[in-house]
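A.B. asks: Sequence:
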Amino acid sequence: MTNPIGSGIYALSDATRLVQADLRTVRRWLHGYRWYRKGVVHWSPPLWQTEYSKDDFAPDVIGFLDLLELRIVVSLVSKGINVSVVRAAADSARQEFGVSHALTATKFLTDGKRIFYDTLQREDVRAEMAQEGQLLDMAKQQFVFDAVVRSSLYDAVEYDNNDMARRWFPMGPSKKIVLLDPRLQFGAPIIAEAAIPTDTLYAAYLAEGNDRGAVARIYDIPRVSVDAAVRFEEKLAA
Numbered sequence: 000m001t002n003p004i005g006s007g008i009y010a011l012s013d014a015t016r017l018v019q020a021d022l023r024t025v026r027r028w029l030h031g032y033r034w035y036r037k038g039v040v041h042w043s044p045p046l047w048q049t050e051y052s053k054d055d056f057a058p059d060v061i062g063f064l065d066l067l068e069l070r071i072v073v074s075l076v077s078k079g080i081n082v083s084v085v086r087a088a089a090d091s092a093r094q095e096f097g098v099s100h101a102l103t104a105t106k107f108l109t110d111g112k113r114i115f116y117d118t119l120q121r122e123d124v125r126a127e128m129a130q131e132g133q134l135l136d137m138a139k140q141q142f143v144f145d146a147v148v149r150s151s152l153y154d155a156v157e158y159d160n161n162d163m164a165r166r167w168f169p170m171g172p173s174k175k176i177v178l179l180d181p182r183l184q185f186g187a188p189i190i191a192e193a194a195i196p197t198d199t200l201y202a203a204y205l206a207e208g209n210d211r212g213a214v215a216r217i218y219d220i221p222r223v224s225v226d227a228a229v230r231f232e233e234k235l236a237a
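FYI, numbering that gives the first Met the number 0 numbers position 175 of the sequence shown as 174, with every residue one higher than the one before it.
Keep in mind that a hint or two might mislead.
In the PhoX-like style, the derived pairs of lysine-lysine whose C-alpha atoms are separated by at most 20 Å in a straight line are [as the list claims (entries may be wrong)]:
#1 LYS112 - LYS78
#2 LYS234 - LYS175
#3 LYS139 - LYS112
#4 LYS78 - LYS139
#5 LYS174 - LYS78
Keep in mind the hints are simulated off the structure, nothing from the lab.
Produce the complete structure using the sequences and hints provided.
C.D. replies: Written as structure tokens, this is what we have:
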């Protein structure tokens with residue numbers, strides 16, 4: 000059984016809020032799904048094997064690396080890259096890099112472009128998209144891929160000596176106040192300096208009549224930390 004300490008643990012409903020995705024869509028990506036075309040049943044397998052896929056409480060939860068992998072997939076698909084292309088590129092990257100969560104690995108920043116372009120040329124990918132009644136706009140997909148990989152998606156993540164993601168600053172690389180670290184609070188969003196969960200501070204903020212100064216005094220933290228926790232939680236709620 001995967002140890003949540005050091006791996007993080009997230010209910011799918013919480014994970015989808017953190018990466019701003021649709022819960023039903025994420026379930027399809029992570030568990031696979033059947034689809035029909037012209038009376039024929041097809042099967043789309045999961046995009047990858049999640050960290051807790053073999054444990055008793057799967058498929059209701061995912062780990063930290065799953066969360067960050069999902070974050071990349073959501074960004075690619077939301078900008079127009081077909082999920083069939085994402086799946087094929089991720090499979091190729093996993094085989095080449097020898098890691099389970101290849102889209103999140105730092106090697107994908109350097110070698111991912113070649114892998115992605117090779118994927119666009121593959122006949123099996125083109126055939127799958129044709130079966131689904133979808134067209135492959137190679138120029139657009141290449142542009143989107145470049146834009147996503149060059150974005151702050153990777154800059155907001157810190158990596159360990161093995162080039163795997165260890166910490167994520169969800170408010171961006173320039174705002175390192177809110178942190179997700181699977182070694183702390185099971186990976187829940189926290190205020191980095193004090194290791195206090197943001198939802199705890201937000202609950203206190205509501206209980207104190209939206210008095211941020213009062214919350215800062217109660218927890219003996221800077222007012223700016225309370226401000227960040229409130230902004231972060233309100234963004235998730237929205």
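A.B. asks: Does each hint hold? Answer for all of them.
C.D. replies: These are the hints, each one checked on the structure:
| no. | hint | in the structure |
| --- | --- | --- |
| 1 | LYS112 - LYS78 | 16 Å, holds |
| 2 | LYS234 - LYS175 | 16 Å, holds |
| 3 | LYS139 - LYS112 | 14 Å, holds |
| 4 | LYS78 - LYS139 | 10 Å, holds |
| 5 | LYS174 - LYS78 | 24 Å, violated |
The structure shown violates just one earlier hint, number 5.
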